[in-house]
Structures are given as C-alpha cells and as structure tokens.
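> Just so we're aligned: the sequence shown equals residues 1 to 416 in our numbering.
Hints should not be assumed to be uniformly reliable.
Straight-line distance between alpha carbons at most 25 Å, and here's what the computed PhoX-like set of lysine-lysine pairs gives [to be verified]:
| no. | residue 1 | residue 2 |
| --- | --- | --- |
| 1 | 268 | 105 |
| 2 | 184 | 259 |
| 3 | 351 | 153 |
| 4 | 413 | 157 |
| 5 | 413 | 47 |
| 6 | 153 | 184 |
| 7 | 47 | 249 |
| 8 | 151 | 196 |
Label pairs and their computed distance ranges (CB to CB) [what the hints assert, rightly or not]:
| no. | residue 1 | residue 2 | range |
| --- | --- | --- | --- |
| 9 | 413 | 339 | 15 to 21 Å |
| 10 | 154 | 199 | 56 to 62 Å |
| 11 | 93 | 45 | 52 to 58 Å |
| 12 | 285 | 98 | 24 to 30 Å |
| 13 | 165 | 28 | 41 to 47 Å |
| 14 | 29 | 177 | 43 to 49 Å |
| 15 | 361 | 178 | 19 to 25 Å |
| 16 | 371 | 167 | 17 to 23 Å |
| 17 | 192 | 244 | 46 to 52 Å |
| 18 | 318 | 64 | 21 to 27 Å |
| 19 | 370 | 413 | 34 to 40 Å |
| 20 | 339 | 370 | 41 to 47 Å |
| 21 | 68 | 284 | 30 to 36 Å |
Source of the hints: derived by calculation from the structure; they are not laboratory data. Source: prediction; values computed, not measured. Note that the Cβ used here is the ideal one computed from N, Cα and C, for glycine as well.
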Amino acid sequence: MHRKMCIISAVLFLTLSTMLIGQTDSGNSLTIETAISKALQNNPTLKVLLREINALEAVKIQSGLMPNPEFSLDAENLFGTGEFNGVDGTEITAQISQSIMLAGKISKLEKVAELDISLAEWDYEANRLEIITNVRKAFNQVLVVQQLIEKNKELIKLSDDLLENINMRVKAGKISLAEVSRTKIIINALQIALIKLQYEYDAAIIELKTLIYDPEYSFSSLDGSFEYSFELPPYDTLLVQLESNPNLKRYESEYARQKAVLNYEESKATPNLTLSAGYRRLNELNTNTFVLGASIPLPIFDRNQGSIQEAEIRYDQKKVESESTRNRLTLRLNLLYNRLNTLLKTADQLKTESIPETEKAFKIIKEGNLVGRFAILDVLDTQRTLFELQNQYLIVISEIQSVKAELEGLISKEIK
1 MHRKMCIISA VLFLTLSTML IGQTDSGNSL TIETAISKAL QNNPTLKVLL
51 REINALEAVK IQSGLMPNPE FSLDAENLFG TGEFNGVDGT EITAQISQSI
101 MLAGKISKLE KVAELDISLA EWDYEANRLE IITNVRKAFN QVLVVQQLIE
151 KNKELIKLSD DLLENINMRV KAGKISLAEV SRTKIIINAL QIALIKLQYE
201 YDAAIIELKT LIYDPEYSFS SLDGSFEYSF ELPPYDTLLV QLESNPNLKR
251 YESEYARQKA VLNYEESKAT PNLTLSAGYR RLNELNTNTF VLGASIPLPI
301 FDRNQGSIQE AEIRYDQKKV ESESTRNRLT LRLNLLYNRL NTLLKTADQL
351 KTESIPETEK AFKIIKEGNL VGRFAILDVL DTQRTLFELQ NQYLIVISEI
401 QSVKAELEGL ISKEIK
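Based on the sequences and whatever the hints tell you, model everything.
Spelled out as structure tokens, the structure:
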C-alpha cells in the first residue's frame, strides 16, 4: 500500500511539475531536474505499467466475487397422451442454485491478485529508476561535449591570437616562416576536432530528447555543473543497500505470490458444493411443494494434482531466479564500484598534480619564448597538452557522474 501511494504521489507530482515546466521553462537552458521530470512524465513504458496496475486492481475486484446464483424453470409431463394429455398432469419447478466455494478459494485467489499488483508496482519502480539513470547519463554526455566544445573554441582563439603574433614576428624577421605553417597545422587539427565534437553534441542532444520523449522541446544549452562532492561508501555498505534494488525486492512478492498460488491450487482439490432450493407445482394433484437439493463432485480422478505440482516447482524456480538476479547485480555493483574508485583517483591526480604542473610548465615556456629560450612550437605543444589534460579531466568527471548514477540506480539510493 505504501509503495502504491508513492507511485500515485509521483504521478501527481510529475503532472504538476510538467505544467510548471510548460509555464516557466521556456528559456534556453535545461536542468537535470527538468529532464528527469519530463522523461518520467512522458515515458510510454511507465504509462503502460500504470495502466497495468489499474487493470490488475480491477482483476483483484473480480477475483473476490462469488459465483452468481442460477435460476432454472422446468416443466414436466407436458402435452403428453392419456392421463398426461394437455397440461393437467404438468409439474412445474422453479429453482435457484448457488455454488459454494469451499476451502477459502475466493480469499486465496484474491491474495494472488493482490500480489500480482505488488509485482506490477515493483516493475514500475525498476523502470522508473532505469529511466532516471539513463537520463542522468545522457545529460552528462551532452554536458561534457558542450564543455569540450567551449574549451576547444577557447584553444582555437588562443592559437589564432598566437598565430597573429607569429606573423608579426615573421615580418620583423625574428622567426622563420615555417613557424606559421606549423601553427596553422595545429589550428587546422583543432578545427577538425571541433567539427567532430559538434557532431557528437548533436547526437547526444538527439539521444537526450529521445529519452525525455519530447523532440519538439527546445533548449540551447544545459544548466549543470561537473563539480562533485560525495564520499564513496565502503563496498560492504553498498552491498547491503543492493537489497533495496526493485529487481531483488520484487522476489519477496514473487515468493509470496507463488505460495499463494500453491495454496489456491491446493484448495481446488476440494470440490465446490452446490445448494439448490425451489418451488414445484403439481397440477394433477392441485398442490404445491418445495424442492431442496445439494450436489458435490466426487474427487476420485481429478484432485488437481498436476496444478499443485506445477505450483511447487515454480516456487522453487523463483528461488533459483532470485539467486541468479542477485549474482548478476552483485557483479555489476562490484564492477561499477571499482570503476568509480579508479575514476575518483584519476580525477584527483589530474586536478592536484597533472594540470597544475602543466600550467606551471606552460607559463615558463610561454615567458621563455618571449626572450628566445623556447620555440613557438614548444609553446603550442605545451598549450595543447594543458588543454588535453583539462579536457581529460572533464571527461573523467563526466564518467564519474555517469557511474555514480548507475550505482545509485542499483542501490535505489542517492550517494552523498
């Protein structure tokens, strides 16, 4: 019930948030919160699963109903010969029959239907988390390419400024014309890289719009930050939190459902009792009588043995499925944890050592070039190395955010 209320609340929240987005988000920037809200609101799979939950709730209502009583009307000794000529000897019986479901069949079938709803709710939750994870990853991909384009444009501008300075020094006869050609080659390579980045950006935008199911939604950039401030918990802590994954939690409902199915199939071994009561008119005697009856099948051949055995096997089958799912998710958790740990160390190395040292080297070489200690090519190479390290740092941060999003999807909890 609590999970059902959460789903209903989420739907209402998303509906309201979408209305607000339509009113206030007509600007040029897209935030991760807006992207997730639109994706959850528009995703057709979630809409199908919500309707499935509603349909199963209707099934539960139906499963809790008793069979309808049956009314029958019989006329005997009608239009015969001799003493049964005409309708004088007719016997007319009006009767109502009611099937009584013994062994608690109705309540047990209702329990199965209730657990079917629970499974559908877990499916909804699993898909919801998967959508959030995919949107976060796609958003990060667009964001990193957006940042790389800006860095590349900045590097091209600096190189163009340097080329202008080189041309002036060539005219002054201070350096060779070959330096101009070398610089142009580097700038040309940067421009080619920029074209490739623009293509990657367009492709990433298409993927993001596909995930939010709103191809007409227009934005010129993403409003997000690469800064991260979280502490990676110990692996054992995440392993415990993995038990909250909907793909594992659903097996609690799976076990309960298969047990309920087994109970229901066992109850079907007890046949249903049919009671009847009616009124009979005997025209020949000009009298009325009441009729009572009861019937029950004899469970001699069919005692529902096959269905009971099937339910027992499927109960054991779910245990095997559960262990297989747990092993698969545990392996994925282990891989993501090690990957994130490595990325965090790499990011720290780039931020605290590689980039600062390269910045120092670039400053020294740039100043040394002014007094003739270093060639223009040395300046360009060091400048390009610095930008490559800065770009690498952006890519690593993007991977950190993506892997973190996957981890959070696995444990169904935010890592802070």
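> Hint by hint, say whether it matches the structure.
Status of the hints after comparison with the structure:
1. Distance restraint check for residue 268 and residue 105: the Cα-Cα separation of roughly 7 Å lies within the 25 Å cut-off, and the hinted pair is therefore satisfied.
2. Annotation: proposed proximity of residue 184 to residue 259 is violated, straight-line Cα distance about 74 Å (limit 25 Å).
3. Taken as a hint, the residue 351 and residue 153 pair is honoured in the structure, with Cα atoms around 22 Å apart against an allowance of 25 Å.
4. Under the criterion of a C-alpha separation no larger than 25 Å, the hint pairing residue 413 with residue 157 is inconsistent with the structure, at around 43 Å.
5. For the proposed pair residue 413 and residue 47, the alpha carbon gap of about 23 Å is at most 25 Å, so the pair holds.
6. Between residue 153 and residue 184 the CA atoms are separated by roughly 15 Å; this keeps the pair inside 25 Å, and the hint holds.
7. Between residue 47 and residue 249 the CA atoms are separated by roughly 22 Å; this keeps the pair inside 25 Å, and the hint holds.
8. For the given pair, residue 151 sits about 14 Å from residue 196 by alpha-carbon distance, which is consistent with the 25 Å threshold.
9. Checked against the hint of 15 to 21 Å, the C-beta distance between residue 413 and residue 339 comes to roughly 19 Å, which is consistent with it.
10. Taken as a hint, the range 56 to 62 Å is violated for the pair residue 154 and residue 199, whose Cβ atoms sit roughly 19 Å apart.
11. Separated by about 57 Å at the C-beta atoms, residue 93 and residue 45 satisfy the suggested range of 52 to 58 Å.
12. Here the CB-CB span from residue 285 to residue 98 is close to 29 Å, well matched to the stated 24 to 30 Å.
13. The hint said 41 to 47 Å for the Cβ distance between residue 165 and residue 28, and at roughly 35 Å that hint is violated.
14. For the hinted restraint 43 to 49 Å between residue 29 and residue 177, the CB-CB distance of approximately 46 Å keeps it satisfied.
15. At roughly 24 Å, the beta-carbon separation of residue 361 and residue 178 lies within the given 19 to 25 Å, and the hint holds.
16. A hinted range of 17 to 23 Å holds for the C-beta pair residue 371 and residue 167, which are about 20 Å apart.
17. The beta-carbon spacing between residue 192 and residue 244, approximately 47 Å, falls within the hinted interval of 46 to 52 Å.
18. For residue 318 and residue 64, the hinted distance range of 21 to 27 Å is satisfied, since their beta carbons lie about 25 Å from each other.
19. Checked against the hint of 34 to 40 Å, the pair residue 370 and residue 413 fails, with Cβ atoms roughly 55 Å apart.
20. Our hint of 41 to 47 Å for residue 339 and residue 370 holds, since their Cβ atoms are close to 44 Å apart.
21. Separated by about 34 Å at the C-beta atoms, residue 68 and residue 284 satisfy the suggested range of 30 to 36 Å.
Checked against the numbered hints given earlier, this structure breaks hints 2, 4, 10, 13, 19; the rest are met.
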